[in-house]
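Order-wise, the sequence lines are chains A and B. Read in order, the letters of the first sequence correspond to residues 1 to 111 in my numbering. Read in order, the letters of the second sequence correspond to residues 1 to 120 in my numbering.
Cross-link-like lysine-lysine pairs, in silico, DSS-like; alpha carbons within 25 Å at most:
no. : chain 1 : residue 1 : chain 2 : residue 2
1   : A       : LYS103    : B       : LYS78
2   : A       : LYS103    : A       : LYS65
3   : A       : LYS73     : A       : LYS106
4   : A       : LYS73     : A       : LYS57
5   : B       : LYS11     : A       : LYS103
6   : A       : LYS15     : A       : LYS73
7   : A       : LYS73     : A       : LYS22
8   : A       : LYS73     : A       : LYS9
9   : A       : LYS103    : B       : LYS62
Derived by calculation from the structure, the hints in this document are not laboratory data.
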Amino acid sequence: AQRVTQPEKLLSVFKGAPVELKCNYSYSGSPELFWYVQYSRQRLQLLLRHISRESIKGFTADLNKGETSFHLKKPFAQEEDSAMYYCALSGTQGGSEKLVFGKGTKLTVNP
Amino acid sequence: DARVTQTPRHKVTEMGQEVTMRCQPILGHNTVFWYRQTMMQGLELLAYFRNRAPLDDSGMPKDRFSAEMPDATLATLKIQPSEPRDSAVYFCASGLVFLYRQTGTNTEAFFGQGTRLTVV
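Chain A with its partners taken away, still in its complex shape (with noise of 0.2 Å):
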């Protein structure tokens, strides 16, 4: 079975700080990892996934097999960073590549 864990339903930071929003998973075999965004009114959307080992706005995320991790990191938080924030897992078995998403973790970033 697939499975997503943020701990933290809410994160507060000051702008400037940094910011880590982690994300546990569980799956038995060799995962796809996503972070999603969804901004204020707007679509949800991706912000990035573990293949593409990019930064997004400032933001990465390192997959961490031996943990089961996949944190996302931003080293200096922006106002315009708040919004809820989903990690989410496809399976790549056939027949598993559904998406699972965590419960979210709603950051705000205060001036």
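Following the hints, put chain B in place on chain A, whose structure we already have.
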């Protein structure tokens, strides 16, 4: 700019009534997902289609929910009869899964704006 379209955007209905939500996926996508979003549970996967065939609907209450794809341009989610606990935002998303032998690779899932359902 291709987008997933969901209708209606808002729906208020009385308990016991049938509710139908519609989704137009992006042309060319082979995968459609239905999710329910609530404060307590976040995004729950209700159903998952690939090439219009239902692959997984284990997240859906079978007695009252049903999901179908009558054609490649339309996915529907029905609730009959509706109950107050069904009040939530329902999202549809579409994407591409590339299959190679026994493995599949998901690309980006594109979400609709959601249907906010209130059952009174």
